[in-house]
Amino acid sequence: MLKTQRLEEQPELAVEAKNLTKRFGKFVAVDHISLEIRRGENFGLLGPNGAGKTTTIRMITGVIKPSEGYVKVFGIDVAKERKKVLKYIGYMPQKFSLYEDLTVEENIRLYGRLQGLTGSLLKDRVKELLERFYLWEFRRRLAGKLSGGMKQRLALATALVHDPTLLILDEPTAGVDPPLRRKFWEHFRELNREGKTILVTTHYMDEAENCDRLALMNRGRIIAEGTPREIKRRALGGDLVEIVFEGNLDPAALPGVKSVMEDSSERYLLVVEDAGRDLPRIVKKAEELGAKILVASPVHVSLEEAFIRFMGESE
Amino acid sequence: MIELEEGIRKGFRIIPIVDKEIRQLVRDPKTILMVLLMPITVTILFGYGYGGKGAGKYPITVVDLDGGDGAFKFIQELRNSKMFQIKAIYKSKGQGFSSVYSGEVYASLIIPETFTEDLMMGRPTRVELYYDASNPSVAQMIMQAVGVVTQQFQEWAAARFGTFAITPMFYTVYGPEIKKIESFIPTLMAMILQMVPTSLISVSICREREKGTFEQFIMTPVSVFDIIFGKLAAYFFATISDAILSLFTAILLFDVKLKGTFLDMIIVSTVFLLNSLSLGLLISVFSRNQLQAYQASIFSFIIFMLFSGVFIPVDVLSSEAKLIASFVPMYYFVTAFRNVSLKGWNYLMVLDQLTVISMFTFAFLALSLRFLRMEVT
Ligand SMILES: Nc1ncnc2c1ncn2[C@@H]1O[C@H](COP(=O)(O)OP(=O)(O)OP(=O)(O)O)[C@@H](O)[C@H]1O
Ligand SMILES: [Mg+2]
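Top to bottom, those sequences are chains V and A.
When you line the first sequence up against our numbering, it's residues 1 to 315, in that order.
When you line the second sequence up against our numbering, it's residues 316 to 692, in that order.
For the record, the hints were derived by calculation from the structure and aren't laboratory data.
Residues from chain A shown here face chain V by an in silico Cβ test under 10 Å; the list is partial:
id, residue
1, R342
2, E523
3, Q531
4, F532
5, I533
6, P536
We put the beta carbon where it would ideally sit given N, CA and C, even for glycine.
One chain only, chain A, in its complex shape (with noise of 0.2 Å):
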């Protein structure tokens, strides 16, 4: 058979592909749009404001210190509105601080001593609220839910006795040391991490084969090992910086204090980066075309969301989402996140979140390689 002479090198051809793709992503504007601005803009909104929206049940303590009737009904009142799960009443009202601060329910309710007796008496009348502000959206829905159901039962007992009135009183706790915008720091990375390179490197094989470069690039011995690590790599290298850049970002402008080492919280991201960017690849092998990557990864990254504890914390889901979560890798790397820095943390003690990122990662790369066509459709 015919015998290439020497200075023909076999073996894997990962590094030029990886210069080729550097030199690519620095070229394309689209690339400083995704890796600098939109990181250090999602940064910016967050520290301004934030919101979010979502159902379910809640747990809650409650402190009766009434004890009477009108505080039973209320109870009542506050389980049938389905938006509670009351953990347990408490008579005194150290207990309701201690079951919020200790992060076991996001918020106390206090029925004041009088509660019953103000009630029969047609006299105005308040319940307080102890939320935990370090969780802000899941705050103001236990706010709103507070409100609703005070409301009702307003209604029901000016029916009975006359005129009353039931003023809701709100007060914050804050987990230790927590400051708002910290808390938010775990959201912010998990959506800066999975949304830019799991959309940039969605589009990096099939704009190939879109522009036809892909059939040049395939007459050349490269394997599919080459293409997907390769490529890997590349935009890794691109994207990691979009970690670096939100935390410096948040630290500096809004004066964020986080517990962890930044070695830690790299390290967390890493792994987490390197399962966006996999998820992307595999996007890119199944996609027809740029547009359906881009819906591809834009649908993901929604799912991941909705399903990472981000807006509503996971143990308040129903079991079936409980489930669906339980697919969802931002949902481990927001829980690793947070531990590591909030509470400060290390690596190590995170490590059965980061096995199962791991896990995922794995599985989108082994399904891109096994499902990469070296052929033009």
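Bound-form chain V, shown alone (with noise of 0.2 Å):
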């Protein structure tokens, strides 16, 4: 097992960009954005097709200059030094990259390789990522006769060879079965705890309720940040509640209503500042005043819905 690096005297901040854009020729694939993902958090970078996402991390990783703007990663410059920061950034590309004509195990062993390991230490560590990614069996394989899941397993065994810091994955989860989606991020919160840093972009929103925070990519802006609960909460510009009740009650003079959302005569869903702290004071009120309540609950918003509501509001 590789020791985990020194931890101490690290800047706060594991990536910071600032008004990070790329043109392609005309088209601006990324537009001024500016982010800040803190060292062992889990950060999750989502958006539709085309957003940009991919170009982001293109420039994080430093595989792709930036037009304007710069990024950090532990404090270096990306483009400048890049030659620095590399050891500390475990990446994985959304398209598979590694070699189809060498096999599973080669392919682990080269990266180990060229990221410096030697010896009984290089052996070790191939052996033990075959093992956890269950890849041991199909260890003589060609890479490129893997099924799409076993690629992404290898991939994410190859980014983690030289046990990095910060692990940039692009999708990591693209093609990859329910129960093995569940074990990579298992893995991934397993690595948070370690300390490690993660930046992940997927498609999948109960994936993405897993992240720390979330920053939501249209158009080459981020449209949306924070972590998943203020992400929900600002789209509906508040907490979602529903309530139903018998008797005559106006439920936008409630306390704490910023808005009603939908009603159907007896059934409410309300907008709310604070649900923890509004619902027990609407319940009240609606008492006072001789209505009477059957059901007063949060609501669930789920992440989809509060994506594709800033989808509609940015266009």
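Taking the hints as your guide, dock the two standalone chains into a single complex.
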């Protein structure tokens, strides 16, 4: 097992991007975005196809140069001192980028050696990764002959070979079956616990719920940023609660209510500032006004809904 | 700052790259085709027949045994044809022969004693051509040109003096102990050592870009230096067999007897092989995709063939063409390899050519290092 890297004296931010911009000719793929990813967190980058996620990630890993702005990884400017930061980054590109004419084991070994591992350290590390990602029995198979999910496993194993402190994963679970997706995410959590920082993109909203913080991208811009809960609140302008009552009552006049979203005579969906604080007040007030509350509960808003709302607003 | 623990070594990454490239080369059926089959096939094809076309002025000598107006007119006709550069006009056959033997000229044309007389009388007569058969493509061109001149002269003479026939006779002269097939060996080696390595390595970097593997590759601390020299070394190991194989095929199949030692020939071949590989790397650095890279290597190959003196000797080319030839590494290789394999010189005697070739190699590598971008596009 590799010893973990020394964590003291490290800057607070794993990734800091300012005014990051990428133009392809006249087309602006990434448009003046700023990002701060804290050490140890799991940061999700979401957005529809063509939003600019991969382009952003490529600028962070330094495989393309920004047209404007800068990225710092652990305080080091990637465009200027790329070599210094490489050893801290484990990168899994969106497209499978390993050698299809090398075997599973040869790929991991090659990357281990390129990262500078030698001798028994290399041997043990390769074996450990093969086992951890259930690749041991396929170790002699050419990478090109693997199934989609096996390729993803191999790519993740390879990205981890030098025990990087920052993992950048571009759609790591694309084409991965649900049980394995769960395993992947359990593994990410474990890496986070070890103090590693993860930047991940995904199109699966249930996965995004697991992130500490999210940034929502559309057309090259970040249109929302925050914890999943914050994002949902911001999409609606507050928390969503449901009330069902008998009697005469104007829901809009209840305390803390910002807007009434849906009414079907007796059932209302209300946006309130803070569900925990406002729900008891609503119940109390409604009863004072002579109505009989049958149901009063917070409503779970899916990220998907928040996502779609933001997208609609930004159009 | 963050410090990595021991066990992660700094420094060069060449060895894993060489290892990877060789594994990939061995698994690619293209490699087998190009490195093994191609040299053998080309050698065999060469062995069974060789044709070439060229144009330019061939240096020849004329032996004028006649000394009359007829001979004078014939020599003028040769000059007018613009195909020959008449280096000297001798009075004896011996001088004509030795000018061919020594390699000074490609052929010597002999005009017999009774030429003018025969002409006036309307009697059939002949001219004789002694040509150096060690350079078959040139010999063929000269024979054709002499045929054309003779026919023109014949028409002119027939109109003035009535029926008249003039027959060119051809005699071969071999440069000392050089058989036909031996003289092909430098050309053969030049072709094989240029085409196979250059086109093989020319796709190596752009294939990584095209397939996307470059994106992962450059996330490791490899340097431009590691990539260029790692690939160079791997492809060198893979293609050196190319040179050895061609030589052996020629020797075994066609009973070629070369004067040079094996070591000298391999040294000269190695210097040129490194040059071809460096050119291929440079092409790979600048190509956007594999197709472009192949096209560029084939294009450069054609240019090199034309200006390296394998089809048309460089000294019969125009001064512009000579200038181009001086920028063609293959030209220096053909000269050096000819001297080593056919004349038995050792590699030190062709150090001049080897130095020039190495300077090109150095330039190609320097440009590759300078322009290889550690980015995806
Ligand atoms: N090399 C390039 N040249 C020209 N345009 C490009 C290039 N790379 C990306 N783009 C364009 O930039 C935009 C953003 O692409 P990007 O790959 O970053 O999107 P994405 O958010 O990762 O999408 P997806 O979810 O489909 O992976 C797209 O419109 C794409 O066509
Ligand atoms: Mg993408």
